[in-house]
Amino acid sequence: MGEQREWVIGPRLWRWRRIGAAASWIGCAAILAWLGDRVISGMVRGNAGDFRHFFWAAEALRLGEDPYASGTLGYIYPPLFAWAISPLVPLGMAGAGVVWGAVNLILILSSMFFAFKIITNRLKGPRDAATWATVMIAAALLSIDQLRAEVKQGQTDTVVLAAFTLGLYLLGRFPLVAGMVIAIAAQIKHQAALPILYLLVRGRFKPVLGFAVALPLVAVLPMTTMGKDAWGHAMGQSYGYVSQVSAVSEHTGESSLHPIIWEKSISIPSAIARWLDGPEGISMLLLTAIVGTMAAGVFAITWLIYRSLGMPLFSGRWGADNESKQPGVVLIEWAGLIIAMLAFSPQAINRHGFILLFIHMIAAYLIFVPKSGINRWPLIIGVVLYQVGQVIPADYVNTQSLYGLWHFFSGESWCMLAMWFGLVWTGLDAVKKGYPVFKSADQIEPVATA
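In the working numbering, the protein residues as written are 807 to 1256.
Just so you know, the hints here were simulated from the structure itself, not pulled from any lab data.
In this text the structure is predicted, and so the values were computed from the model without any measurement.
Treat the hints with care, as some may be off.
Capping the alpha-carbon separation at 25 Å, the derived lysine-lysine pairs in DSS-like fashion look like this [said to hold, decoys possible]: (1) Lys923 x Lys1177; (2) Lys1131 x Lys1012; (3) Lys1012 x Lys923; (4) Lys930 x Lys1177; (5) Lys1034 x Lys1238; (6) Lys1131 x Lys930; (7) Lys1131 x Lys1177; (8) Lys1238 x Lys1131; (9) Lys1131 x Lys1239; (10) Lys923 x Lys1131; (11) Lys1238 x Lys1177; (12) Lys1239 x Lys1177; (13) Lys1238 x Lys930; (14) Lys1238 x Lys923; (15) Lys930 x Lys1239.
Working from the sequences, and respecting the hints, build out all of it.
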């Protein structure tokens, strides 16, 4: 949006950038090897993490049994994922876990690859090897603990991240396919459907149509081997769990779900529910009203940032044609969906912050890519606050201690919102002012003199 500027890099700086890029790629390779070791060593030692719930459910499907009654009642997703990994059951839990771990690593690498392409395309910034390496290593380090937990536990948030990333990558190219990708993820984790609400608000109906067409087609795939009755029962179980997650009392033993007041949940609704909890229970109407007010407050602050930077939030923002003119703004708002999915979820734990890897890549790009006149401090402060907030240890026993109070009121999510406000401020400033074109000193044409 701003004037085209140039950033001239001298030979010495170019050389240091190449050295830095090489070091960053070595660091990325080391992290990848470390994550692979976490997967293999955990499975070999019999520590399958959360993957054991998926394996037991897949095993039950192969035996014609109820996947939701398998193991320790830990499988709560739609049947699609258990059905998809059921061919791995003959490998045993360890073998299947290693294969799924490899798939997770591929999904992580693919998500980061497409995220970088998305960021550079939508922000119209540099995409040289040094920039790519810096962003990759910085984002990986910002997400390092969640990366470790995700692959060690054999979890499925990698699918959600891949769907969010690939969906945005395809949005302007093949919008129908973008909606279909999101539909697949929504049949593994329900909250992955959140982008569809955003696309509806923005008047982008092609991806919504793709989602609507693909969702039932994907959902019925397990019926091909389960049979109609068993599939119907499984779908009822899965979607019935959605209401149980928002319940204010302990589960009845029919699943391993926890109520919204679960002490390990870091979401804002959980914090408000814990605060309201008493001998007579919680008024869901009051809880909904308070959480809604909090969400409205976050929206209002976001709108004020848009207004202060002279960027439209709604004016001229309806329909695919208008939205295609705002690629950088759509990128920032897409990141906001991830924040909303975590901070305002009925339940979220620290490990779920893995999907912030996409946001950390945007943050790393905005912070480390050289530019002039763009205010990076709001984002730097927000990222630091979140990094500090998410490593503060929790005290689940003594809720009156400082650590206990911090977790009781979900301090991590409030820090996450601070990072969101910083991302909006710095991101929109970068969109408005634009990035300079990188040039080496020998690319500058000499000025002729008389």
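Checklist entry - Of the hints stated earlier, which fail here? => result The structure conflicts with hint 5 only, although it agrees with all the remaining ones.
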